[in-house]
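A.B. asks: Sequence:
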Amino acid sequence: MMPITKRNRTGNFATEQYSRDMVQNQETIANRIIYSSQKYQTEMNQAIDKQASAQIAGVNAGAGQAIGGYQRGANQARAGVETNYQLELGANRQIYVSQVDAAGQIRSAGLEAAKLRQAAAVIAQVGREISREVGQGMRIRF
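Counting in the numbering used here, the sequence shown runs from 1 upward without gaps.
Hints should not be assumed to be uniformly reliable.
When the alpha-carbon atoms are kept at most 25 Å apart in a straight line, the in silico SDA-like pairs for lysine to any residue are as follows [unchecked claim]:
id	residue 1	residue 2
1	K39	S98
2	K39	Q24
3	K115	D101
4	K115	Y18
5	K39	Y18
To be clear, the hints were calculated from the coordinates, so they are not data collected in a lab.
Use the sequences and the hints to build the structure in full.
C.D. replies: What follows is the structure, encoded as structure tokens:
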């Protein structure tokens with residue numbers, strides 16, 4: 001095996017491994033962001049439910065007419081948290097998609113560069129071989 005071919009194969013392997021690792025890292029990050037958003041949503045719902053329960057209990061002790069207003073407020077707060085969660089989740093999905101697309105483009109560019117380096121090495125080798133043969137032909141004549 002020619003040293004140039006071995007070097008090109010090693011370069012190709014490194015490029016492909018780098019691309020795979022980058023895509024895997026981006027997928028891991030995206031999954032962690034989604035998990036974090038889901039955990040945030042759950043904790044916020046629990047906190048709102050706890051706060052709403054405490055407020056409702058206080059209102060029940062003092063005045064029964066205010067319960068409806070507190071419940072509406074708690075529902076509006078919960079709806080706001082849900083809307084925020086959905087928007088964050090959508091943004092995280094967009095980030096993930098764009099990162100995976102970018103990693104694919106980097107991988108494709110790396111593979112194309114490796115192919116071009118390999119072609120350049122072959123052309124250089126053919127040029128050296130032709131030069132050597134022409135030199136031998138000139139030596140035979142003179």
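A.B. asks: Next, verify each hint and record whether it holds.
C.D. replies: Results of checking the hints against the structure:
Proximity of K39 to S98 is assessed by CA-CA distance (about 23 Å); at most 25 Å being required, the pair is judged to hold. Distance restraint check for K39 and Q24: the Cα-Cα separation of roughly 22 Å lies within the 25 Å cut-off, and the hinted pair is therefore satisfied. Proposed proximity of K115 and D101 is supported: the alpha carbons are some 21 Å apart, at most 25 Å. Proposed proximity of K115 and Y18 is supported: the alpha carbons are some 16 Å apart, at most 25 Å.
For the suggested pair K39 and Y18, the alpha carbons sit about 31 Å apart, so the restraint of at most 25 Å is broken.
Checked against the numbered hints given earlier, the structure breaks only hint 5 and satisfies all the rest.
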